Amino acid sequence: MSKKEERIFERNKDVIRSRKPGDYGNERIEGTIDEVMDKVIHPLRNRIRAEALDELWAANKINHEGHWYIRLTDVVNIMGDYNDLYENESKS
467 MSKKEERIFE RNKDVIRSRK PGDYGNERIE GTIDEVMDKV IHPLRNRIRA EALDELWAAN
527 KINHEGHWYI RLTDVVNIMG DYNDLYENES KS
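Remember, the working numbering sits 466 above the position in the sequence shown when you count from 1.
It is worth saying that the hints were derived from the structure and are not from the lab.
Hints may be right or wrong, so weigh each one.
Stated by the list, open to error - Below, computed lysine-lysine pairings styled on BS3-like, alpha-carbon distance capped at 25 Å:
no. : residue 1 : residue 2
1   : Lys486    : Lys505
2   : Lys486    : Lys527
3   : Lys470    : Lys486
To be verified - Here are the simulated distance ranges between beta carbons:
no. : residue 1 : residue 2 : range
4   : His533    : Met503    : 44 to 50 Å
5   : Arg483    : Ile536    : 43 to 49 Å
6   : Arg485    : Trp534    : 50 to 56 Å
7   : Glu517    : Phe475    : 22 to 28 Å
These numbers were taken from a predicted model, which means no experiment stands behind them.
A virtual CB, placed ideally from N, CA and C, is assigned to each residue, including glycine.
Please construct the entire structure, taking both the sequences and the accompanying hints into account.
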């Protein structure tokens with residue numbers, strides 16, 4: 467006879483999750499790199515890109531010879547100051 471693997475069932479809002487005892491879900495992400503990228507990275511990247519484009523589109527624009535431009539200083543303010551980003555990365 468085969469012994470059934472022990473599982474713990476948890477319910478959070480609308481999701482029921484089963485796990486092995488001692489596995490809390492934050493130790494590792496299983497799957498190939500392509501599966502992980504499709505599940506985690508690509509949706510996050512797309513959301514960040516959409517938010518950034520929305521803010522850039524809403525920025526004050528300048529019309530020069532029939533073309534619309536955004537000032538580089540406005541883009542830097544929207545995207546975040548490089549120096550602040552560098553300082554935060556060096557602290558961690």
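Which hints, by number, does the structure contradict? Checked against the structure, the hints that fail are numbers 2, 4, 7, while the rest are satisfied.
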